[in-house]
Amino acid sequence: MVLSRAATDSDENVCSTFGSRYVRTSLPKYEIGESSIPKEAAYQIIKDELMLDGNPRLNLASFVTTWMEPECDKLIMESINKNYVDMDEYPVTTELQNRCVNMIARLFNAPLGETETAMGVGTVGSSEAIMLAGLAFKRNWQNKRKAEGKPYDKPNIVTGANVQVCWEKFARYFEVELKEVKLSEGYYVMDPDKAAEMVDENTICVAAILGSTLNGEFEDVKRLNDLLVKKNEETGWNTPIHVDAASGGFIAPFIYPELEWDFRLPLVKSINVSGHKYGLVYAGIGWVVWRTQKDLPDELIFHINYLGADQPTFTLNFSKGSSQIIAQYYQLIRLGFEGYKNVMENCRENMVVLREGIEKTERFNIVSKEVGVPLVAFSLKDHSFHNEFEISEMLRRFGWIVPAYTMPADAQHITVLRVVIREDFSRTLAERLVADIVKVLHELDTLPSKISRKMGSEDFGNVKGKKVERDILMEVIVGWRKFVKERKKMNGVC
Amino acid sequence: MVVSQTTTESKEPVSSTFGSRYVRTALPKYEIGESSIPKDAAYQIIKDELMLDGNPRLNLASFVTTWMEPECDKLIMDSINKNYVDMDEYPVTTEFQNRCVNMIARLFNAPLGDSETAMGVGTVGSSEAIMLAGLAFKRNWQNKRKSEGKPYDKPNIVTGANVQVVWEKFARYFEVELKEVKLSEGYYVMDPEKAVEMVDENTICVAAILGSTLTGEFEDVKRLNDFLVKKNEDTGWNTPIHVDAASGGFIAPFIYPELEWDFRLPLVKSINVSGHKYGLVYAGIGWVVWRTQHDLPDELIFHISYLGADQPTFTLNFSKGSSQIIAQYYQFIRLGFEGYKNVMENCRENMLVLKQGLEKTQRFNIVSKDVGVPLVAFSLKGQSFHSEFEISEMLRRFGWIVPAYTMPADAQHITVLRVVIREDFSRTLAERLVADILKVLHELDTLPSKISRKMGAEDFGNVKGKKVEREKLREVIVGWRKYVMDRKSMNGVC
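Keeping their order, the protein sequence lines are chains A and B. For the first sequence, the working numbering begins at 1 and goes up steadily by one. For the second sequence, the working numbering begins at 1 and goes up steadily by one.
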């Protein structure tokens, strides 16, 4: 055993990366391997397999930041081994979090004195932030009901059917009923009137979204507030509002400052925002802020003696990295108000360029609005031969990742393609995307529909009766394909 | 406004880092600043303030990994802009997670076929993992009770008082009662017999810890399993076990393989482990695995159409970074079984070196065991003028962060210092630490006790009566200090 090990060692020192035996063996997938392998081999093999992931910067599906300045990358790497939760050991990092909370609370017009500490916390994302906010509402409501001697076992939340999945998770995991206001064709956000109607004595809060995932629209929080104020006067239930500003929270204050959606509205008690969306930080950071201290019941806060010091903690996660918190603070002081404003204005400009380019093709309806999160959601005017999913698949060939999806109830028959404009999506890329979409449209125009769509899924059980029709269709398709191939040869580039 | 901007701009490219005006102004702490600042200035100012955080590698309080190989650092940085949750866009990263789950499940002897897919998920840490496992137990128990027509509104969990705070969080946030088995002096883990006694028909599971935070001890899961099997036969309640192997899960399989604590015991239905502790990855990754598919109720799993593709999701967090998952896979294939074994053996060796060094001072009782997580927990022998907290404070001067803390109920009168041996705590550091502890002891020996300890807190309201005694004590202390100072000047280095 000793001899053969020595032989391998001497081999390995001179082996080139792709000449060694490690690239010949299959990587462990089900069970941890017996032996170690050299670090260079491990690095190379993993890096190579990861080449087949999509390119994050071309992932136009996501709101989450995919680029930061190299200086910030350095700060991130330098703090990669700092466990955020060790507050006693890393007091500066903890204070940077507190400064971010203060800044964000004031950005949202929380009623605070000049040097008053705001009530809020950094989280791993808006999911955790929303769960914490929901927990606070649930506990506050339960305490109120207990004090009134009323039943408190059936809490519910009122929200639009366009909510992101984390609200459904919150409802299911924390045993709160989700009362969804259905959408309708052409109206893809929560209708404030319908929402206010659905509120009852068991409603712990109404959740409005600033920047709907589907089409980027800002819901009319002011209208919701006004309707709810009126209802509260009549019922005495005091139902509060939570604003899910995951995307919109770092957009509206900079380019739509006159839009009243935040703590300026008296019924808004908590707001969450994703630092990793338009907060311009990599994935892994969200924020939740409460209006005042009493909006966060003290019984939910833990004071623990962990690793020797008192640590107040109100998060679901405990150990986590510090890098994103430091990166968020970097962005807030590096950019300042004007910096964020410049970025958001650029995003809006580029969104308009993309939108106009798509409109010019005359093949699409634009479903998104101009005021809202900078994105363009569009669907085909004519669905007879092809659908948005095919366009999405074909765009992948160019490297673009553009998702297509159907709207939730009651607009499931609508399918849209959606492009999110992030900070690093420049005008050149917008113009290139339009050109590639046009190419895809031309190619699709030369192809017939897929068989299954013409047949309909209900026909599969009835094949015999439709056989003749199917044979005829098959012949047509084969003929078309032959024709198209020959045309291509004649024309060179299609 | 324009004119002053130009003047500033022309100066800035040539301004040196510490000659610019940015190091003269106070950093924003409460409100986002109006203007942007250059990225170099932002980088430097933040980096400088962070110098005053503790050094993560000298943070002997934490189990969480503080060093990884440079090759892995590169992989981490390369994937820092990948949002893990975009499974459709990053299928390779998603597959790495699946491979890790498979490997960990098999490491824990889950009853799986050769290429059968294990049931589990990557999380942000053991906190999220435990909450998911707890949710699964709660839902399974509720369903069982509903089908039996029995009440299901008072679920409880049985665990030791030595549990980490996440169990208390789980209990409070998810409305489950926590029934804690109290500790006693000399016995700092959960007593399996007492635990089983506390089990009743509302118990959703019993949680055992492999690697207690306080002393590193492994709880006797086998004994618990055997007692519980017997009780289940008597009662028919079928109470399951969860093992919180946050620390121990990546230690026991490598250096204590004969220890039966995992899925080899039939009542163990789920296990969590922290990838960022002895999984040897930076903070931000944990794992939970279930024995079989039906230990995770399907109703908790969400299938969503997010960004255009079907994504099954059972986590609390949604968007998060991909880096730690890739890093975990790197470690598995890089180290393999023998690599992890080598690291754990080294940790145990260095733990013994530290322990023996401390024993040789004859000033400490060693509270931790030899078998368990490699750490040394120790407290001062006999009556003393000083406390472990003072030792902890004085060690900070050398750069060491060694926490001191009191045990939970019913052993609150015991205070311990605790040093965790991580992968990157070499023998030289262990020897240096012992030397510095000796220095601290010598210095403390020359100092009298703090006044408050002699007075006792209850004396503060009774100052007048004790005034004479207090003044006498003051004189003694002043005298001592002068004496010590004189000695110091005479001897040079103390």
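Take these hints with a grain of salt, some might be off.
[Unchecked claim] Distance windows between CB atoms, simulated:
#1 G113/A to N143/B: 26 to 34 Å
#2 K29/B to K450/A: 36 to 44 Å
#3 K150/B to K154/A: 15 to 23 Å
#4 E40/A to S426/B: 44 to 52 Å
#5 E201/B to R57/A: 49 to 57 Å
#6 P28/A to E345/B: 42 to 50 Å
#7 R397/A to N143/B: 14 to 22 Å
#8 E233/B to R57/A: 57 to 65 Å
#9 P91/B to P28/A: 16 to 24 Å
#10 M77/A to E349/B: 52 to 60 Å
#11 E345/B to E40/A: 54 to 62 Å
#12 P151/B to K341/A: 26 to 34 Å
FYI, nobody ran anything at the bench for these hints, they're computed from the structure. Predicted model only: the values in this text are computed from it and were never measured. Think of the CB as a built atom: it goes at the ideal place given N, C-alpha and C, for glycine as much as any other residue.
Results of checking the hints against the structure:
no.	hint	verdict
1	G113/A to N143/B: 26 to 34 Å	violated (51 Å)
2	K29/B to K450/A: 36 to 44 Å	violated (59 Å)
3	K150/B to K154/A: 15 to 23 Å	holds (20 Å)
4	E40/A to S426/B: 44 to 52 Å	violated (23 Å)
5	E201/B to R57/A: 49 to 57 Å	holds (56 Å)
6	P28/A to E345/B: 42 to 50 Å	violated (22 Å)
7	R397/A to N143/B: 14 to 22 Å	violated (47 Å)
8	E233/B to R57/A: 57 to 65 Å	holds (60 Å)
9	P91/B to P28/A: 16 to 24 Å	holds (19 Å)
10	M77/A to E349/B: 52 to 60 Å	violated (31 Å)
11	E345/B to E40/A: 54 to 62 Å	violated (24 Å)
12	P151/B to K341/A: 26 to 34 Å	violated (57 Å)
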